[in-house]
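Protein chains in written order, with the numbering used here: chain G, 383 to 706; chain V, -14 to 280; chain B, 53 to 290.
Don't read these hints as lab results, they were simulated from the structure. Some hints could be false.
[Claimed, not checked] DSS-like mimics (lysine-lysine), calculated; alpha carbons at most 30 Å apart, straight line:
(1) B/Lys237 to B/Lys132
(2) G/Lys689 to G/Lys581
(3) B/Lys113 to G/Lys581
(4) B/Lys59 to B/Lys237
(5) G/Lys689 to B/Lys132
(6) G/Lys689 to G/Lys400
[To be verified] Simulated restraints, written as ranges between beta carbons of each label pair:
(7) V/Asn125 to B/Thr189: 22 to 28 Å
(8) V/His79 to B/Arg135: 21 to 27 Å
(9) B/Leu288 to V/Leu266: 29 to 35 Å
(10) G/Phe539 to V/Asn214: 40 to 46 Å
(11) B/Arg85 to V/Val71: 45 to 51 Å
Ideal Cβ placement from N, Cα and C applies to all residues, glycine included.
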Amino acid sequence: MSVQSTTTTGLSRAGVSKRMLFFIGLVAAALAAPFFVYPLFLMKILCFVLFASAVNLVLGFAGLLSLGHAAFFGGAAYVAAHSAKVWGFPFELAILSAVAFSTLLGFVFGFLSIRRQGIYFAMITLALAQMIYFLAIQMPFTGGEDGITAVPRGRLFGVVDLGDSLTMYYVVLALVAFGLFVIWRTVHSPFGHVLAAIKENEARATSLGLQPNRYKLIAFTLSAALSGLAGALKAISFQVASLLDVTWHMSGEVVLMTLIGGMGTLIGPGIGAAFVVAMEHYLSTSGLPITFIIGVIFMVCVMLFRKGIYGELRAWYLRRAGRD
Amino acid sequence: MTEIFGVPAAVLAGQILLGLINGSFYALLSLGLAIIFGMLNVINFAHGAFYMLGGFVTWMLFSYLGIGYWPGLLIAPVIVGLIGAVSERLLLRHLYRVDHLYSLLFTFGAALALEGLFRYVFGAAGKPYPQPAELSGGYNLGFMFLPLYRIWVIVIALAVCFGTWYAIERTRLGAYLRAATENPSLVQAFGVNVPFLLTLTYAFCVGLAGFTGALAAPIYQVSPGMGANFLIIIFAVVVIGGMGSIVGTILTGLALGVVEGLTKVFFPTASAITVFIIMILVLMVRPNGLFGRER
Amino acid sequence: MSTDAVKPGLDVRELHGWYGESHVLHGMTLNVRAGEIVTMIGRNGAGKTTTMRAVMGILRKRDGQVRYGDVDIIALPAHKVPRLGIGYVPEERGIFSSLSVDENLMLPPVTRPGGMSIEEIHALFPNLAGRGGTIGTRLSGGEQQMLAIARILRTGANFILLDEPTEGLAPVIVDQIAASLRILKERGLTILLVEQNLEFASATADRHYVVELGKVVDEVANHALAANITRLNTYLSV
């Protein structure tokens, strides 16, 4: 009896320190990565890690499938690029105004779409985002098909030159880490627990006196804000805001990243984002039809691996641990 | 009298005609979408892709096999419907038991894959398709020229919409469909092969999308992106109309086409987003859509 | 129908059934011989309706033996079960709101020859005559029950699963339905009935099974019902 209890405490202690070790390893890897891999490529991955995690905040933790998140991502990219290039905003202000834009847009979209549930919600967010896409094509300042190019990166706090990609990388890393921290805190806060309760059983949550739509709206707005942060960072670090980032394909791709990594898990979407970005990177030179491959992966994932990479691995690990 | 609100009557009439054509396409497509949703509880994201496929099959029949418009108009929907039937039986069917989001994501993936495949094989550029010789002329109404093919499209689209309505509201098969929408397991317990009925429904509605694509081929060029643009408008149509009634869906589709045509005349820059603005207004006033019931 | 040479009976043995994770039928065993009317009585949630749903194949998660004549029903897809001549009148009647009375009546496909004609149905249930264009669910509760029974009689089914036909109905209507059941019995139909109303059950049935916690716990022949009424009432009391 006593032997057994020692092993369990030993195991859980090992579990905690294992998780700690994993976290430290991740940070170390992120810090060291630009010395081994092209920083621009890493920044792209980071932006999509944040984007997918933000989408997962509503999809995985609130059960809301949005097919319009490209509007926040791409819309914020335009705002950041335009304000930095045309209005000469410094880096911080460009990012801030982009996030403010996507927050506001998220609130409006959320307000309109959260009245309808499930499938309707997905269709409405998609249609609303398509409106932003058409505006992006037609408005004079977005540069139509070309987008806004030659966006200056500027200086951080007017001092640190972001023209150097290595510096830029660390700034992006810090901001993405901040965004992920916000998501992590949100999920583990009382607010996050309410969200989970609503996802589990909305009728019961309502009968407990909660107002599900208010919670969903807050989560949706937060998700839009963080997607905007990801989009703005991408625009500044790549010095371009493109039409591609507001298309419905982008909204779909980010859902795919979340699905492929593991919906409703904290690190799954990050894994999915890294996987998809890396895959596209290598496919882009192969001459293979990327959209086709993405679509097929989508279908295979839905048919066979609904838990995603992380979810399936964890299930496999738990099964194995259970057998031992 | 040749100007209405400062717009030449010919331009106005032309845009209304174009709006009616688009509207009848919206009606045909959203009709299928709404029926699939009612029966299978699936939002068919691949609907636009099947529309595109219908256009491409018609074009391929003509370019590779020399099969003309009239046989193409029959063969294309059948081929598209068969593809739909096979994909429902082999794949989609297994997703009815899990969360609806998965079938949505699956058809979303299918739409991406189909569009990507056609873009890869045929390129993004549109492919022209000749009008059938029988319908190449038109009437000069004095204030405008009325192309025969466009009249044909509106007439046949409305006829097919009416036929679909009739089949669902007035026939025995339609009664099975309506009953199965309400309570599929009871209908099956009465001896109706409901799984087969679902396959049939999907095949028919997807075939309808293929038919629309074939109709559209001589008006718009056939291109891989033709479906995606339409699809999102169709979603807006369905949100505006609500999924409660077939007649409501048809009318909403037609009306939105015309409204869109009119905005092209009076506010050209706003025409692409008209449908979405209407959708927002309807959502504010009647969240369940104009003809909708909550489900 | 009475001309049929061999009429099969229903034989349920050790039937288990699940709704998702919860195990509701725990070895249900009963049989209904051709031409009999047999009831299942018992409290709400005892598993009577679930047994019917399992027999009809609506409940797919089930295990055990269900035979109709020499056909193994469990092996059949749900839509093949009615084709054996088994008709189902579900609880709460299952009238479709998007169908008219006539459409509801004509909905179940005819599975065997010898079903009732529309005239015979209207003679049996005069309330339904002349109401064909009405929306099915606009009928009164009693009329909906008649419609639910009538649409099965049309199909030629000679074995009917009848789930709580008297629930929530006025006594006059209950009498009318009881009378129609006796007519059906005279025509040689076999009926498995779920019923909470003992009076109704005794007026129509040959035998009664008492169901508790997903299995049969007692069986009483109808002629012995009066003698055992106190015992039966303890099963039904809450």
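Original post:
What hints, given by number in increasing order, does this structure fail?
Top reply: 5, 7, 9
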